[in-house]
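Chains A and B are the protein sequences, given in the same order. Once you know that position 194 of the first sequence is 193 in numbering that gives the first Met the number 0, the rest is easy, because the numbers rise by one and skip nothing. Once you know that position 383 of the second sequence is 382 in numbering that gives the first Met the number 0, the rest is easy, because the numbers rise by one and skip nothing.
Some hints here could point you the wrong way.
Remember, identical chains collapse to one label, so a pair may be satisfied in a single copy or spanning two.
Unchecked claim - DSBU-like, lysine-lysine: derived pairs with alpha carbons at most 30 angstroms apart: (1) Lys-170 to Lys-387; (2) Lys-151 to Lys-380; (3) Lys-229 to Lys-383; (4) Lys-46 to Lys-487; (5) Lys-387 to Lys-412; (6) Lys-151 to Lys-383; (7) Lys-387 to Lys-151; (8) Lys-437 to Lys-258; (9) Lys-229 to Lys-151; (10) Lys-437 to Lys-483.
Rather than coming from a laboratory, the hints here were simulated on the basis of the structure.
The primary structure of each chain is shown beneath.
Number of protein chains: 2
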Amino acid sequence: MNLHLDHDSHTPLYEQIASQVRALIAADRIRVGDRLPPSRVLAGELKVHRTTISNAYAELEADGLIGPHVGRGTFVTARPAAAEPARAAPDAGLPPLFWEALMVEEPHTDRLHEFHQYPSRPDTISFAYALPDSDMFPLEAIRRSVDRVFRKEGPSLLQLGERLGYEPLRKYLAGRMRASGILRADDEILITNGCQQSLDLIDRTLVASGDAVAIENPTYPGALSVFLRKDTRVIGVPVSERGVEIAALEEVLAHQRVKLIYSVPNFQNPTGVTLQVAERRRLIQLARRYRVPIIEDDIYGDLHFDGPALPPLKALDQDGLVIYSSSISKMGFPGLRIGWVVAPRPLVERLSVRKQSCDLHANLLAQATIYELARQGLLEKHLKRIRKTYAERRDAMLQALEEHFPGEACWRKPSGGMAIWVELPDGIDASALLDVAKEGGVIFSPGAHFYVGPPRANTMRLTFTTTGIPQIREGVRRLGAALKRIMKSHRARGNGTPQPGRRNAALV
Amino acid sequence: MNLHLDHDSHTPLYEQIASQVRALIAADRIRVGDRLPPSRVLAGELKVHRTTISNAYAELEADGLIGPHVGRGTFVTARPAAAEPARAAPDAGLPPLFWEALMVEEPHTDRLHEFHQYPSRPDTISFAYALPDSDMFPLEAIRRSVDRVFRKEGPSLLQLGERLGYEPLRKYLAGRMRASGILRADDEILITNGCQQSLDLIDRTLVASGDAVAIENPTYPGALSVFLRKDTRVIGVPVSERGVEIAALEEVLAHQRVKLIYSVPNFQNPTGVTLQVAERRRLIQLARRYRVPIIEDDIYGDLHFDGPALPPLKALDQDGLVIYSSSISKMGFPGLRIGWVVAPRPLVERLSVRKQSCDLHANLLAQATIYELARQGLLEKHLKRIRKTYAERRDAMLQALEEHFPGEACWRKPSGGMAIWVELPDGIDASALLDVAKEGGVIFSPGAHFYVGPPRANTMRLTFTTTGIPQIREGVRRLGAALKRIMKSHRARGNGTPQPGRRNAALV
Numbered sequence: 000m001n002l003h004l005d006h007d008s009h010t011p012l013y014e015q016i017a018s019q020v021r022a023l024i025a026a027d028r029i030r031v032g033d034r035l036p037p038s039r040v041l042a043g044e045l046k047v048h049r050t051t052i053s054n055a056y057a058e059l060e061a062d063g064l065i066g067p068h069v070g071r072g073t074f075v076t077a078r079p080a081a082a083e084p085a086r087a088a089p090d091a092g093l094p095p096l097f098w099e100a101l102m103v104e105e106p107h108t109d110r111l112h113e114f115h116q117y118p119s120r121p122d123t124i125s126f127a128y129a130l131p132d133s134d135m136f137p138l139e140a141i142r143r144s145v146d147r148v149f150r151k152e153g154p155s156l157l158q159l160g161e162r163l164g165y166e167p168l169r170k171y172l173a174g175r176m177r178a179s180g181i182l183r184a185d186d187e188i189l190i191t192n193g194c195q196q197s198l199d200l201i202d203r204t205l206v207a208s209g210d211a212v213a214i215e216n217p218t219y220p221g222a223l224s225v226f227l228r229k230d231t232r233v234i235g236v237p238v239s240e241r242g243v244e245i246a247a248l249e250e251v252l253a254h255q256r257v258k259l260i261y262s263v264p265n266f267q268n269p270t271g272v273t274l275q276v277a278e279r280r281r282l283i284q285l286a287r288r289y290r291v292p293i294i295e296d297d298i299y300g301d302l303h304f305d306g307p308a309l310p311p312l313k314a315l316d317q318d319g320l321v322i323y324s325s326s327i328s329k330m331g332f333p334g335l336r337i338g339w340v341v342a343p344r345p346l347v348e349r350l351s352v353r354k355q356s357c358d359l360h361a362n363l364l365a366q367a368t369i370y371e372l373a374r375q376g377l378l379e380k381h382l383k384r385i386r387k388t389y390a391e392r393r394d395a396m397l398q399a400l401e402e403h404f405p406g407e408a409c410w411r412k413p414s415g416g417m418a419i420w421v422e423l424p425d426g427i428d429a430s431a432l433l434d435v436a437k438e439g440g441v442i443f444s445p446g447a448h449f450y451v452g453p454p455r456a457n458t459m460r461l462t463f464t465t466t467g468i469p470q471i472r473e474g475v476r477r478l479g480a481a482l483k484r485i486m487k488s489h490r491a492r493g494n495g496t497p498q499p500g501r502r503n504a505a506l507v
Numbered sequence: 000m001n002l003h004l005d006h007d008s009h010t011p012l013y014e015q016i017a018s019q020v021r022a023l024i025a026a027d028r029i030r031v032g033d034r035l036p037p038s039r040v041l042a043g044e045l046k047v048h049r050t051t052i053s054n055a056y057a058e059l060e061a062d063g064l065i066g067p068h069v070g071r072g073t074f075v076t077a078r079p080a081a082a083e084p085a086r087a088a089p090d091a092g093l094p095p096l097f098w099e100a101l102m103v104e105e106p107h108t109d110r111l112h113e114f115h116q117y118p119s120r121p122d123t124i125s126f127a128y129a130l131p132d133s134d135m136f137p138l139e140a141i142r143r144s145v146d147r148v149f150r151k152e153g154p155s156l157l158q159l160g161e162r163l164g165y166e167p168l169r170k171y172l173a174g175r176m177r178a179s180g181i182l183r184a185d186d187e188i189l190i191t192n193g194c195q196q197s198l199d200l201i202d203r204t205l206v207a208s209g210d211a212v213a214i215e216n217p218t219y220p221g222a223l224s225v226f227l228r229k230d231t232r233v234i235g236v237p238v239s240e241r242g243v244e245i246a247a248l249e250e251v252l253a254h255q256r257v258k259l260i261y262s263v264p265n266f267q268n269p270t271g272v273t274l275q276v277a278e279r280r281r282l283i284q285l286a287r288r289y290r291v292p293i294i295e296d297d298i299y300g301d302l303h304f305d306g307p308a309l310p311p312l313k314a315l316d317q318d319g320l321v322i323y324s325s326s327i328s329k330m331g332f333p334g335l336r337i338g339w340v341v342a343p344r345p346l347v348e349r350l351s352v353r354k355q356s357c358d359l360h361a362n363l364l365a366q367a368t369i370y371e372l373a374r375q376g377l378l379e380k381h382l383k384r385i386r387k388t389y390a391e392r393r394d395a396m397l398q399a400l401e402e403h404f405p406g407e408a409c410w411r412k413p414s415g416g417m418a419i420w421v422e423l424p425d426g427i428d429a430s431a432l433l434d435v436a437k438e439g440g441v442i443f444s445p446g447a448h449f450y451v452g453p454p455r456a457n458t459m460r461l462t463f464t465t466t467g468i469p470q471i472r473e474g475v476r477r478l479g480a481a482l483k484r485i486m487k488s489h490r491a492r493g494n495g496t497p498q499p500g501r502r503n504a505a506l507v
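Given these sequences and hints, build the entire structure.
This is the structure in C-alpha cells:
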C-alpha cells in the first residue's frame, strides 16, 4: 500500500494510516476480499512501531471495514457507506488487480532466495556457496562433447523427448546405480532437472496437506523451500557427529505420524557430518518399522576425500523404502540442471507423470552431453581431479581456522563435501559477524539459513570449493580478524567471557 | 497384464483370469502395491464383459490377494501364502510399502501421457503431434552457435545461474515483447522450461483448492493436466469460428466465481481458430469487469501464414490482467525446453521464487544458444522459412482433404499453427477411425483428448508440420479410405445415413 505519513502532523500516525486506508477502500483501490499487509510488514515499510499499525487496524475494524481471518490475516470486509461511487461507464475507473490477494500461498521459498549474500567489495572472498569451482571445469572436453553429440544426433536432441529422460544417459546412470547397489531394475530411474526438482516432485507426489515431514536440523535451505509449506508440519531432528540422531528420530516416529524422512547421509549440508554405517542400518530399520519412506539426498556422495564412500541407505534397503536422489551439480555442472531419482517402480511411474505435467522432460542437449562425457570416462576423471583438489582446500581451510580463529570457536573435519561448519562462542551472532566480515572482504553463510525453527545463531557454514588455497588462507585470516573484533566488542558490552573452547565436542 | 483366455475351455473365463493373476502375483510379476487395471480397461483388453472381470477380482479379493482402495482402484495386497519366502532377519515379515496408498493425488496428468499414439507399421505417416519438423532445423547454424557460446562463456554456462534466466536472453526477449506491446518494464519477464512449466507455475501460484478455472473447450491436453485437479473446477467454454465464445464466457463469469481464464487466441490448439480482434477486446473487458486474470498461451503465435499476427491480448490489456506465455518449442526446438512468461511485476516475482523452489533455474547452455541464434538473426530467418513451408503443407493437406474425404466431413482453414481440426459425420467415432487408420499406416489425434468433460467423439486433429507434402497426400488418402470403410460399416449396421455435409458451418 502506498501510504504517506506526516510525522510532524498533530494527527496521530495510527489515525493517518486508518484514514488513508479508509480512503483507498472508498476509492476501490483496495477491495472487499483483499488482504491487508500483515502489521509487521506494514510497520517495516512505514518505519513505525507495529503497535501503530495494530491501532490503525483496530480503528478500521471498529468501523466495520476490515476483519481478521484466523491464520490468514486481515481482510477488507466492507466499503464505507457514503463513499459508494456512482458508476457512469460500466467499466471505467476499475482499480488494477491486487495480485497479492489473488496468490495462493505465502511462499516459504524465500528460504532459497534469502540465502544469497552479495559481496560488498570487488575483492571479496566468498565462502558462501556450495558450488563447484568453474576454473576446474574440463572445458575443452565438454566443448568437444557438446559438439560431438550435436553432430551425431542434433535433430533428435532439439526435438521433443521422452518424459523419463534421454535413454542412453538413463541406461548409463542405471548401470552406475546398479553397481553401487542402489538400483535393481532399469525402470527404477527418472531423470530430472536436478535434486531441487526431484525434491519438489517427491513432495507433490507424497506429501498431502496436514502431513508431517521429518528433516535433519540444520539442513539444505532448498529442502526447507519445498517442505515448509503453510499446510505441512516439518519436524527438525538434531544432527550429531555421527549424523542425524537416530534416537531423536525414533522419538519423533513413535509419537507422531510422519509421512517422509529427508536425510543427507554423506557430508551433510550444512554440517559436513557423515551418517555412520551402524546408524544407517538403524535408520533403515526405523523406517521399516514405522513404514515411512526416506529421501536419501546424495548430492555430495561422490565428493568423498578420505577413502571410499559408505554404503548408500538405498543399498542397505531391502524393502524399497528409500527414494534415492542425486545430480551432476556438485560433481560438476549445475548450469546444465540434470539430476535423477531412483525409487520403486510405482513411485517412479507417478513421479514421471508429474514431471511431464511440470515441464515435459529434462533438456536433451545437456543430458546427451553428460552422457558423452561419462561414456568417454571424462566424468570419472574429472571427479578424481576435483576430489583431490577439494580435499587439499578443505585441509588448507582447517589449517587456517586453527591459525586465525580464537580457541572458543569449534569445528569438525568433514570427510568430503564442500563445507566446514563452525560453531562460534555462545552469544556471538554469525549474522552480525557477516556484516563486519563483508566490510573486511569475506562472506559466508550464517547458520540461521539452515534451521527449521529457531536457529542457533552462533553457527556458520564455510565452503572451500570455489576458492584457491591462497584465497582460503587470506579469507580465513580476514574472517578471524572480524570475529576477534566482534568478540572484543561483545566482551566490552559486558556480555561476559565467551565459553571456553569446545573444539571436537559435539557441535551441530 | 498379459493374460490368455481359452474361450473353448470348460473353466469359466473369470476363473481363468483369477488363476492367471494369482500366478503373476506368486511369480512376483505383479507385486504387492501394484494397481490392477480397472475392470473396464481389462474387459476391453480381453474383449470380455466387465462382469467377468468383476467376478475374477471378487475371487482374488476373497483369497485376500487384492483389495479395493476407495477412489483409487484395486491393488495387490498380499502374495499367495505358499509363495512367501522364509526370512531370517528380525524385522522380517513386514510387507513392503504400499506406494499407491501413500501417494497424494490421482494425477489427471494421464491427459498428456495418454495422448501418445504409437504407430503400428514402420511406414506409418503421423499427423498426431504438433511438433516442428526436425528436418528443417538449421543444424549447422545451431551447432556453430552452441560451440561459440561455449567457447565464449563455458564456465559461467556450466555454473549455477540466476533464477530469472540467462540475462542476455531475458533482455532480448524483453525487447521482442516490448516491440509487440506485450511488455512495459524489463522486470516483467521470467524464463521457464517452456509453456508447460509456465502453466504449472501459474497454477501453483494462483489456483487454490476449490478454485474454478475457465478454459477453452476443446483445449491443449497439457493445460488439462495442470488445471484438472481433484480439488479444482475446470469450466469448459465452447470455441466457435471466431475463437472462444465470449457470450458463453460471460455467462460463466456472471454466475460463477472464476479464478483464472486460459486462452490460446492464435491458431487455437486443437481447433486452429483465431480469436478475432473485436472478441479480443471483449475478452479483455470481461476479464476487467469480473477482475479475473487471463493466461494468454501464445505458443503458436509466431506461426502465422496469412498476413501479420493479430494484436496479442496482452498488448490490448491496459490493466495488467493478462499473463502472457510463449516458448521456442513450436518455432523450433522443444528438446531445449525454454519458454517465458510476461506478467505484472508482483506476479513475476512470485513465479520466479516458485520456479527457484521447483528447479532453481532453466538450463543455461540452451538459453545461451537460443540467444546466440537470435542475436545473429538466425531465429527470425528460421521462422520465415518454416512459416512458408508449413503454410504450403497446410494447403496441401486442405487440398488432399477435399479430394479424399467424404462430403459429410467438415473442417476449416487455419490461418497459422500446426493443425487442422476435422469434424466427422455424426455417429463416426474418431477413436474407432484411428484403430482402422493405424492398420492402414496413418495416425492422428482423436478429438477426445482435448475435451473437458464429455468429448465430441466425431472430431479429430491432423497436424501438418512434421510430414512432407507427398506424405501428407498419401496419409490423407489412406485416412480417407479408412474413413469411407468405417462409414460404410456404420451404414451397414443400420445406423442411418450420416448427416449431410456441413463444411464451413460452425464446427468446433
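With identical chains, the pair Lys-151 and Lys-383 could be close in the same copy or across copies; at 30 angstroms between alpha carbons, which is it: within, between, both, or neither? both (28 angstroms within a copy, 26 angstroms between copies)
From the Cα coordinates, with 30 angstroms as the cut-off, is the pair Lys-387 and Lys-412 best called within, between, both, or neither? within (16 angstroms within a copy, 64 angstroms between copies)
How would you label the pair Lys-229, Lys-383 (within, between, both, or neither) given a Cα cut-off of 30 angstroms? So Lys-229 and Lys-383 fail the 30 angstroms test inside a copy (43 angstroms) and across (48 angstroms) alike.
Intra/inter-copy verdict for Lys-437 and Lys-258 if alpha-carbon distance must be at most 30 angstroms: Neither way: Lys-437 and Lys-258 sit 41 angstroms apart in one copy and 45 angstroms across, limit 30 angstroms.
Within a copy, between copies, both or neither: which one fits Lys-170 and Lys-387 at a CA-CA cutoff of 30 angstroms? within (28 angstroms within a copy, 40 angstroms between copies)
Intra- versus inter-subunit Cα pairing at 30 angstroms for Lys-229 with Lys-151: neither (48 angstroms within a copy, 44 angstroms between copies)
Since the copies are identical, ignore which copy is meant and state whether Lys-437 and Lys-483 lie within 30 angstroms (CA to CA) inside a copy, between copies, both or neither. Within one copy, since 15 angstroms is at most 30 angstroms while 78 angstroms is not.
30 angstroms Cα cut-off: does Lys-46 pair with Lys-487 within a copy, between copies, both or neither? within (24 angstroms within a copy, 80 angstroms between copies)
When no copy is named, should Lys-151 and Lys-380 be tagged within, between, both, or neither for a Cα gap of at most 30 angstroms? both (23 angstroms within a copy, 24 angstroms between copies)
30 angstroms Cα threshold - placement of Lys-151 relative to Lys-387: between (34 angstroms within a copy, 28 angstroms between copies)
Of the hints listed earlier, those the structure fails to meet are numbers 3, 8, 9, in rising order.
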